[in-house]
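Asks: Residues per chain, in single letters:
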Amino acid sequence: MFLRFLTKRLFYVIPMLFITTFIVFSFILLIPGDPALAILGENASDENLAQLRAQLGLDQSLFIQYWNWLTSALVGDLGESFFTGESVQEAVFSRMGITFQLVTTAIVIAFVFGTTLAIVSMMKPGSWIDEFARLVSTMGTAIPNFLLAMLLLAVFSLSLGWLPATGFISLFEDPIGFLRSVLLPSIALGAVGMAQITRHMRSALIEVFETDYIRTAFSKGLSIRQTIFHHGIRNAILPVVTTVGILYGNLMGATVVVETIFSIPGIGQLAVDSIMQRDFAMLQGVVLVMVVIIIVINFATDIIYSLLDPRIKYE
Amino acid sequence: MTKRETLLEINNLRAYAGKAGESRSQLVNGVNFRIDKGEIVALVGESGCGKSVTALSILGLNAASIEYENDSEIRFHEENLLQLSDRKLRKLRGNDISMIFQDPMFSLNPLKKIGKQMTEALLQHKAADVRTARQDAEKMIERVGITDPKRQLDNYPYQLSGGMRQRVMIAMALLCKPELLIADEPTTALDVTIQAQILEIMKDLQQELDVSILLITHDLGVVAEMADRVVVMYSGQVVEEADVYALFEQPLHPYTNGLLTSVPKLEGASDERISAIRGTVPSPQELPKGCNFYERCTHRSDRCKEEEPVLANHGGRNVACWHPVVEGANDVERTAIRN
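Taken in sequence, the protein lines are chains A and B. Here my numbering is used: position 196 in the first sequence is 196, and no number is missing along the way. Here my numbering is used: position 296 in the second sequence is 296, and no number is missing along the way.
Keep in mind the hints are simulated off the structure, nothing from the lab. Note that the structure is predicted; figures quoted are calculated from it, not measured. Don't take every hint at face value.
Claimed, not checked - If you want a taste of the chain B side facing chain A, the calculated C-beta under 10 Å gives, among others:
1. 97
2. 143
3. 158
4. 160
5. 182
Claimed, not checked - Part of the chain B face toward chain A, derived, beta carbon under 7 Å:
6. 88
7. 90
8. 94
9. 95
10. 99
11. 101
12. 106
13. 108
14. 109
15. 124
Note that CB positions come from ideal geometry on N, CA and C, so glycine has one too.
So that you can see chain B by itself, here it is in the shape it has in the complex (with noise of 0.2 Å):
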């Protein structure tokens, strides 16, 4: 594989809850992972484990409340996105990183027109004029599979579906063209059918466009369906960051291992049970001294009570993990990546 240039790095993110010196919970925790050009990363793991708020970090949407370390980095372009000022950042918001959301029921202004709201961001940034603008809105979202596009940009987002609605998201997040489109669980709030047409829009307009993607989700399905690269997330860390085939083959991290063999199957007797991670995650507030994730672990040590894991080279992969998973031992249902 040719070695690809990187468009974003993120370098020992840490984000907390509060103010410094008062009592605030770390939400994030030392995150590190980059994302090449054109390339689709997805970003796993289960709700509260820092994932929304990393990629909120990257344009700088996370509420006020939150704050992040001093020598925490975004490196986009030679810049540190969580130094730049509100001024720069919003100049690359919509423009060179975009972002779609989680809800597109809720996601679009109720009381605005389609039309208007999908010109606004090539409006700010582009200086289209708005007939030109509007053309541009118009061919975008006939791109992303929506008939009779003229009429749709008249229409406000309550006389859309569910579906249409996150299409005319995407249209609008990659109207200016941008370099990253970040994600955040795109396809949750929507039927299954209409997830799968919603990812193949999404991996077709990526490669017309050549845009990289962050895609934040917590199904396997998705990430085996999209992604090039997966970075798996546990409590605020990065635990385990692989190649996808790699991943799905041989997971390295027990969590990870988890995750895979929590997924049901379709073959094999009706009686065995899905094996499901036991415990809970940590909270924020009182995460242990070692591994996070000790608690729950099934490989576990006195070493990893006592001495927290680092993300290492393990056989030229990622892995946070005192003693990671080798050969075989479950059985990951590897027909999934394959299709």
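So that you can see chain A by itself, here it is in the shape it has in the complex (with noise of 0.2 Å):
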């Protein structure tokens, strides 16, 4: 039963993943500039930009280049870098680990504090925290994350010297200094997610609230307490679930920026240097494993989707 559900979202994965491959490369031709001149520098002869655009395959035609992209990439061979000649997928998947844990970092701090504000908030309305749920849910949104990433940069690490400026250790090698090294850069990142989910928790405690089943579990005798805990934040997470997926890959964009600011030398740090340097091979293969991890993610929503809601059954 399950396994026909996977297979049939996989037959949508397949043209999802061939349309938006090929839409990318056509955008990536259009970028100005030209990936033979920036290699080669301003005084290269006009024999040698040919010769090296024969050799990157770009005097080809866009379908021809994109075939030749889409046959290796088939069989696991993404190309190599224009520039450094490394392997494309053996650069993603590294940069591609570091995001993963930052974006990963972001979210779980955003979906923790943003729901623990919301049910506490609905616990106390009107109360000073009720307040100051409110104030974070639009002040996240209000503040760039750019903005805050410099702002929490320059106080916490510059000025109390508390937590490293950049760079970034992995969670597997150093538990701690993965924490101390991921700790502002995903607070920066995950202070819009927090905002969301707390507003969407709020709301939706809120629209709980007045449902008929609420006013059941009242007539029950259940405290307040016990009304959210036992009927409440089920029935409202449902919906912040949506929002954490959708963040997800809102995060793996906004990365670009935090991770910059950080030097930390994730997937978005690779997009805009292989941008940068106009590595169009490179930043396919960035591309195309942003486009996967999206696809993966909107995969596992509806899989915690259907652990939460009993009606939900994946046929």
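Hints in hand, dock the two standalone chains.
Replies: Here it is in structure tokens:
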């Protein structure tokens, strides 16, 4: 049953991958600037340039270029960097691991604080914490992440010196070091998410509290706390799961800025570098992996949904 | 008839939407009635007449924005429920007084198994362990006519029909053996055939467990089927209170009279028009000085316009009207209450 759902979903995924990669491929070629010129420099001769273009396959038509890329991508070869010659998939996967750790931490922070703030503000409406939750959800949306990143950096790294300003340590090498290196960037990255989650969870809880089954729960003699925990949260969290799924995608994009500010060698930085250097092979690999990740996350969202809501059965 | 012991007494209940001092509308305006032990009292009236607000005020389940007058009283075991702390009120809810609601489709949490939801009140009030609570729940849903109770307790609400869910609600409400069951339009959302079954179950269990029922409804058929006594409400006030037989035989208030004559009859010429009560209920913001029913009444006089009638004894029954209906001026369907 579940297997059938899985295969059906894969059928949607495949055309989606073709379409997105093709669109990205065409857009990349629209970026002004010539990779051959970028590599060889202003003084290169026309002859050398033409030779390099031929070598990189850039002299062929868009469709042939895409076809060549696609056929090798299908067998797991994403090509080599125009510049360094390093394997694209190796570069992308090692960078991806870093970004994934960063974004996941940001999501965890956003989710834990967002839902907690919403629940507490629901338990004590009109209290200072309720006001605080509203303030956080407004500020989180209003402050752009690059500004927040620089503020955090200025205060906690440069002035107070509590946390490192730049660099990244993997969770698997040194968990404490990881937390120290990732805390500020993930707060900068997750603030918007926290604001969104607080707001969505709060309004979902308010909505749930107007339903008849909550009145039933109260009529059984449950306290407001019991009602929230036994009947409110699971119902209210359903729309929030969707928010988290979308957020994952958004943060994958937002990480470009934050990684640059904190000098974290993640996929965002790789994307920025590839664009600057017109390293199309690398950029194409970056985008492909991001698309795949977002598809996987959407899929995971659906699974979580079915685990939370018994009415949803995938067949 | 032997005089029964009073279980719950509502005295001068006044409820407002909005804070005192601000512009607020009066939803319930001086309601008085009592419920005796083992009795089924029907609270009748059209939507917006304050019957649900009255019912919900018993358990303190009205929205926080609804406020009560200080001298309003709901007496239950020597205590005024309106003054009770939240903690004490919670001990009553689902334990001494429980409630079932109009729409069983939405009255159960969609994400929780039936069994979990049913045992909640037991675990809350009776210090039972999960196993005995579950056994009690099994017995109770079998009693409301659900077959294969063990399996049903592991089902989610969406796997049950509306009628089954209302049975579950009834079983859940009676699990702690309450003294009073408040049923807010328990059959309105159900098919007619299911309605009859649900009413029968309620009536059977009421006798078996000797629970009193406050039945809120606008359906006079349900009233005739179930009630011992009827309280008729109109725009926030009790306009008539009577034994069910007496009320159907001879309604005293023109409004009750209008309600009864507006029920279509099977016998009689097919071109006979159903008499409807003309006009609409006055809005709670602009209640008239005199009788609230004045604009729509067929029995009115100048006195009704100036002076508000109070609930008064009229031949052993209570009615709030200056000119009660007398003699069988209308032909009330009497067979309905006899079967």
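Asks: Does each hint fit the structure? Answer for all of them.
Replies: Here is how each hint holds up against the structure:
| no. | hint | in the structure |
| --- | --- | --- |
| 1 | 97 | holds (9 Å) |
| 2 | 143 | violated (19 Å) |
| 3 | 158 | holds (5 Å) |
| 4 | 160 | violated (12 Å) |
| 5 | 182 | holds (9 Å) |
| 6 | 88 | violated (11 Å) |
| 7 | 90 | holds (5 Å) |
| 8 | 94 | holds (4 Å) |
| 9 | 95 | holds (6 Å) |
| 10 | 99 | holds (4 Å) |
| 11 | 101 | holds (6 Å) |
| 12 | 106 | holds (4 Å) |
| 13 | 108 | holds (6 Å) |
| 14 | 109 | holds (4 Å) |
| 15 | 124 | holds (5 Å) |
Violated hints, in rising order: 2, 4 and 6; the structure is consistent with all others.
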